[in-house]
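> Below, each chain spelled out in residue letters.
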Amino acid sequence: MDHENAAIGGRFLQGQNALVTGGSQGLGRALGGALAAAGARVVLVARHFDPLAAAVAEIRAGGGQAHAVVADLADKDAAAAIAGQAAALVGPIDLLINNASTLGPVPLRLLLDTDCEDLERALAVNLVGAFRLTKALAGPMVLRGAGTIVNVSSDAATEAYERWGAYAASKAALEQLGRVWAAELAGTGVRLFTVDPGEMDTKMHADAIPDADRAELSDPGRVAERIVELLAGSDTASGARVAIRVGPAQASAAQAVTR
Amino acid sequence: MRPAHGYPDRRDDVRLLVIDPAAPEGAGLRETRTPALPVLLAPGDLLVVNDAATLPASLRGTDEAGRPVEARLLAARGGWRVEAGSPPPTRFVAVLFGAGDWHTRTEDRPPPPELAEGARLRFGALAATVGRQATLSPRLVELRFDDDGDALWAALYKEGRPVQYAHLAHDLPLWAVQTVYATRPWAFEMPSAGRPLSWEILLALRRRGVRWASLTHAAGLSATGDPAIDAALPLPEAFEIPPATARAVAETRAHDGRVVAVGTTVVRALEGAAQQHGGAIRAGRGETDLRITPAFRPRVVDGILSGAHAAHESHFQLLAAFAGSDLLAAAAAHAERAGFLTHELGDSMLVLPGALAPAHRKATSVG
Chain A
2 MDHENAAIGG RFLQGQNALV TGGSQGLGRA LGGALAAAGA RVVLVARHFD
52 PLAAAVAEIR AGGGQAHAVV ADLADKDAAA AIAGQAAALV GPIDLLINNA
102 STLGPVPLRL LLDTDCEDLE RALAVNLVGA FRLTKALAGP MVLRGAGTIV
152 NVSSDAATEA YERWGAYAAS KAALEQLGRV WAAELAGTGV RLFTVDPGEM
202 DTKMHADAIP DADRAELSDP GRVAERIVEL LAGSDTASGA RVAIRVGPAQ
252 ASAAQAVTR
Chain B
12 MRPAHGYPDR RDDVRLLVID PAAPEGAGLR ETRTPALPVL LAPGDLLVVN
62 DAATLPASLR GTDEAGRPVE ARLLAARGGW RVEAGSPPPT RFVAVLFGAG
112 DWHTRTEDRP PPPELAEGAR LRFGALAATV GRQATLSPRL VELRFDDDGD
162 ALWAALYKEG RPVQYAHLAH DLPLWAVQTV YATRPWAFEM PSAGRPLSWE
212 ILLALRRRGV RWASLTHAAG LSATGDPAID AALPLPEAFE IPPATARAVA
262 ETRAHDGRVV AVGTTVVRAL EGAAQQHGGA IRAGRGETDL RITPAFRPRV
312 VDGILSGAHA AHESHFQLLA AFAGSDLLAA AAAHAERAGF LTHELGDSML
362 VLPGALAPAH RKATSVG
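Protein chains in written order, with the working numbering: chain A, 2 to 260; chain B, 12 to 378.
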């Protein structure tokens with residue numbers, strides 16, 4: 002994975018602490034690498050230790066600073082434990098990326114066939130889990146007068162894709178919650194962005210659409226770099242929804258050339 | 012007065028007894044509720060909070076012979092220099108208890124098994140070695156955990172519970188013992204004076220022109236049930252004052268604003284720091300063994316927001332550093348009559364000169 006951030010002028014996150022949920026695979030893992038490459042001390046959160054430890058080892062091998070916290074965001078006690086462990090390991094968190102989410106059971110099902118419990122689980126992780134962790138970490142940010150929160154959403158939040166109902170509803174709710182967070186945090190020094198990363202070549206995407214043409218999907222590493230670029234800038238207003246479309250590997254290479 | 016047995020419906024709406032030591036005689040007490048806090052402070056005042064998050068400091072396990080032991084951590088050894096790149100501590104000072112749990116009052120708990128230096132304890136996934144015992148009590152020991160870094164902190168949060176209280180109806184989960192601004196996990200019990208502060212109240216204070224600032228103070232245990240240890244509490248506690256807070260204190264004092272401490276931990280940190288630097292507040296880390304007694308004369312702190320306490324409690328007696336004994340006696344009588352709730356989840360008291368009579372901003376004398 003390429004963690005170079007030449008486009009944004011190097012290690013602008015030096016001395017900052019970032020926490021990424023869903024950090025053991027896909028976009029979260031790529032974000033961990035990109036944030037560490039930009040100089041941040043990174044805390045990755047995920048449910049299972051082994052893939053998380055591998056993600057942390059990868060960052061450390063590249064000279065970055067990373068720590069692992071195992072937790073299930075659906076657990077009501079998790080937010081305070083994550084916040085406490087993270088602050089013990091790196092200090093106060095400056096940047097929270099709510100990236101973890103669950104699709105629910107795959108293959109995805111029509112709403113008529115979706116169990117209520119599966120909708121509840123999607124809301125518990127993707128919406129309520131992110132809310133609890135934001136509550137636990139945004140308070141300290143407001144106290145210090147600075148901080149950034151990124152909620153990772155999906156185009157499923159705005160488009161009516163058949164069989165994506167539970168996930169889509171959780172992401173739409175997360176986006177609206179983000180708008181209200183941003184309104185309430187105005188003037189506190191704490192920013193919140195919603196990012197729609199587009200269709201990426203990740204395990205989650207393969208679970209949802211096993212027969213997708215991977216050549217058509219974005220590389221999560223490239224998407225992560227775009228998100229880090231967004232954080233480096235100050236021209237995006239808090240509360241904004243940013244759709245990132247890096248496109249297939251071939252197209253993004255072309256884009257890089259013509260920039 | 013009796014302890015609160017559970018959480019209030021809203022954390023930021025409890026009774027508040029305002030005690031104004033600068034008010035004319037007979038006008039120094041008023042009962043209100045915590046949502047009134049923003050109008051009791053004035054533009055230019057500074058509210059200083061302790062941003063320490065509460066650790067899951069109670070660990071239950073066994074010694075090598077399988078005998079039950081509870082360890083309550085009360086201080087970290089070696090300090091916290093995480094931001095400077097040092098790993099978090101692996102050695103702690105702990106008080107040991109024997110069989111039973113928090114449902115039994117600490118003073119009624121059986122003592123721990125006799126453990127020599129080097130004895131091994133296991134708390135689920137956490138293993139530790141008993142280090143040096145204090146001369147104060149053999150139950151006060153150093154604990155060295157086998158793990159460090161990510162593994163230690165994962166195990167501590169998995170196996171540990173917040174210190175619990177026998178006067179409560181239910182045990183408290185970790186999220187219930189945090190203030191809304193809890194940041195670094197330095198506190199072994201909740202810095203509970205700040206529990207009624209919601210963001211509604213904090214942002215209203217700011218809109219009014221009251222500034223806030225934070226420091227981190229490693230609040231230890233409030234009581235252990237061991238008379239020798241309890242007589243020595245609080246033990247020396249670590250604190251850190253950020254540069255922005257040191258500046259805010261200096262600016263507030265220069266402009267005749269009042270410095271209001273949220274809780275005794277903030278008083279100890281600020282006054283302890285002032286004592287070490289000739290009355291000035293410097294940014295940085297330190298440790299203080301300062302004990303706030305009725306004879307203590309604060310140099311930096313003008314007022315204090317505190318939990319409600321009964322007249323015989325040491326926490327109430329330290330309010331005498333901020334208000335005269337007649338006024339405090341009247342305050343205690345009022346709280347008793349009105350049925351104020353005490354302890355961690357109870358009602359609040361604000362001692363602040365000028366809170367009720369703004370014309371008299373500074374207390375000219377106390378005692």
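If you're looking for bench data, these hints aren't it; they were derived computationally from the structure. Any given hint could be a false lead.
Said to hold, decoys possible - If the Cβ cut is set under 7 Å, some of the chain A residues that face chain B in the computed set are: (1) Ala-62; (2) Gly-63; (3) Gly-64; (4) His-68; (5) Ala-69; (6) Ala-75; (7) Asp-78; (8) Ala-82; (9) Gln-86; (10) Ala-88; (11) Pro-93; (12) Pro-141; (13) Ala-147; (14) Val-243.
By construction, the Cβ of each residue, glycine as well, lies at the ideal position given by its N, Cα and C atoms.
> Please write out, lowest number first, the hints stated earlier that are contradicted by the structure.
Numbers 1, 2, 3, 6, 13 and 14, in rising order.
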